[in-house]
Structures are given as C-alpha cells and as structure tokens.
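Asks: Here is what each chain is made of, one letter per residue.
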Amino acid sequence: MAKHLLNVEGEFCPVPLLKTEKKFKELNIGDVLVVETDHTQAVRNIANWASRAGYEIEIDELDNGLWQLTITKTDA
Amino acid sequence: MEKLKGTKWWTRAWPYWAGAMVMGLANIALLAYSGSPWAITAIFSYWGAMILQFFGAHPENWAYFQQPTHGDILINLSRVYQLTLLDLGLVAGALLGTLWGSEFRLRKIPSRKAVVSALAGGFLMGYGARLVPGCNIGALVGGIASFSLHGWVFGLFLLLGAFLGTRILIKYFV
Numbered sequence: 001m002a003k004h005l006l007n008v009e010g011e012f013c014p015v016p017l018l019k020t021e022k023k024f025k026e027l028n029i030g031d032v033l034v035v036e037t038d039h040t041q042a043v044r045n046i047a048n049w050a051s052r053a054g055y056e057i058e059i060d061e062l063d064n065g066l067w068q069l070t071i072t073k074t075d076a
Numbered sequence: 077m078e079k080l081k082g083t084k085w086w087t088r089a090w091p092y093w094a095g096a097m098v099m100g101l102a103n104i105a106l107l108a109y110s111g112s113p114w115a116i117t118a119i120f121s122y123w124g125a126m127i128l129q130f131f132g133a134h135p136e137n138w139a140y141f142q143q144p145t146h147g148d149i150l151i152n153l154s155r156v157y158q159l160t161l162l163d164l165g166l167v168a169g170a171l172l173g174t175l176w177g178s179e180f181r182l183r184k185i186p187s188r189k190a191v192v193s194a195l196a197g198g199f200l201m202g203y204g205a206r207l208v209p210g211c212n213i214g215a216l217v218g219g220i221a222s223f224s225l226h227g228w229v230f231g232l233f234l235l236l237g238a239f240l241g242t243r244i245l246i247k248y249f250v
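Top line first, the protein sequences correspond to chains A and B. Residues in the first sequence are numbered consecutively from 1, following this note's numbering. Residues in the second sequence are numbered consecutively from 77, following this note's numbering.
Keep in mind that the hints were calculated from the coordinates and are not lab data. Since we're looking at a predicted model, the values are computed, not measured. By construction, the Cβ of each residue, glycine as well, lies at the ideal position given by its N, Cα and C atoms. Mixed in with the good hints there might be a few duds.
[Said to hold, decoys possible] Residues from chain A that keep clear of chain B, each with C-beta distances beyond 10 Å, as calculated: (1) Glu11; (2) Pro14; (3) Leu18; (4) Leu27; (5) Asn28; (6) Ile29; (7) Asp31; (8) Val34; (9) Arg52; (10) Tyr55; (11) Asp63; (12) Gly65; (13) Gln68; (14) Thr72.
[As the list claims (entries may be wrong)] Between beta-carbon pairs, the in silico distance windows are: (15) Ile185(B) to Ala53(A): 39 to 47 Å; (16) Tyr55(A) to Thr174(B): 27 to 35 Å; (17) Asp60(A) to Ile185(B): 23 to 31 Å.
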C-alpha cells in the first residue's frame, strides 16, 4: 500500500502519460501513484489511459491549471 | 470526463469531433471572408524578411521570395497585416480559452534540457514548415479541406515524423 509521487509539472504531452505508465509498472498491486501536472491535455489522456486499463483514478484541481491525479493500481 | 472540470461547457474537455467541427467551420468562414484558408507559419518568414530589409539586406532576391506567392507579399503588405492579425488572434484566443476555463498558470520550465530541445524543435518545425510549405494548419488542414493531394502526402509524412519523434522522446525524455 505504498504511495508514490510523480511530479511532471512543465512537461508536455505525451511525456506526462509516458512517465506515468513507466512509473506505474514499478508499482505493486494496491499501491497508489499521485501525479501532479500543469498540462490540461495530460489530465485527459492519463484519465483515459487509467479508465481503459481499469484503474481507479481521482482528479483534484489544486490550483488554476494544476491537477493532482491519484491512481490506484488494482488487479485489473 | 465529467469530473475532470466543472459542468459548464466551456470549462469541460470537448470531444475531439466537436473541436474539429468548430475548427472546420471557422476555417470555412475565414476562407469565405478573406479568400485564403488559415495559415500560421508563413508570416514568420515575412517578418524575418522585413527585419532583414530594414537592416539593408535583400531577401527579396532569395529563391524563396522569387516564388510569386511569397514575393508578392513583400510588395503588397495587406496580406502581411492579415496573417499577423490571424496569429495575434490565435494567441489571444488561446489566452481567453485558458482564462475562461480558469486554467491560466505560468508554467514551470522543467530543465535546461527542455529549453534546448524546445528551441531546437521549434527551429526544425519552422524550417520544415517553410520548405513544405506549410504547417499542420496551412499544409494539412488547408490541403485536405481543399481536396489537394499535398495535404494527404503531408499527413503521411507527419505521421512518420511523429512516430520517429516519439521514439526519440521515449529514449531521451521519459
């Protein structure tokens, strides 16, 4: 149940999604990955990727143009 | 996507087809109004030429400006104003979009590597767009929308370039 943080502020598509996927591979089932991004399109494609893969994702807007995505690695 | 951003249509992420339709309609309106489809990068070469002319150089003798479409523009400035206005409108529209969506933010620059690669990428894209000539908009959108084969050829090589670019990106930036 470890919690990992990935900050991709300032990175543009497709780097945030690719980094998220790469980091996610290192996680164990039940682990949580928290991604922080300031790129609108990254929120969208990471959310699409997570829901397609069947992972739980929660999106919080921390500030104008800054989002925190919390993705749980489920046994999907 | 509902939980992504509020419930107002201008803050929500639009489906791609809706954005494409609005862009297409705006392009038709622009073509009907001005007689030319949307173009973004051509103006940079004219600005560059005008700056060089100001300092006494003669870019009008270069092969690029010997082509009628480019050469005429340095003489007839109304097209320069039109294209400049279009680019200013692009930046203003993007700014309004982020303000309306409450997404305005001064983005962090992640690293020196990002600065160098952004400048190099910008140079290559700009140079390439002038060789083709045209960018995603002038060559791809304008080309395909006007039933010209060059739009499809451009699109094919754009995909190839994006494929190669992604390989490089994964190797050095992820």
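Asks: Honestly, which of those hints from before does the structure not fit?
Replies: Of the numbered hints, 1, 2, 3, 11, 12, 15 do not hold.
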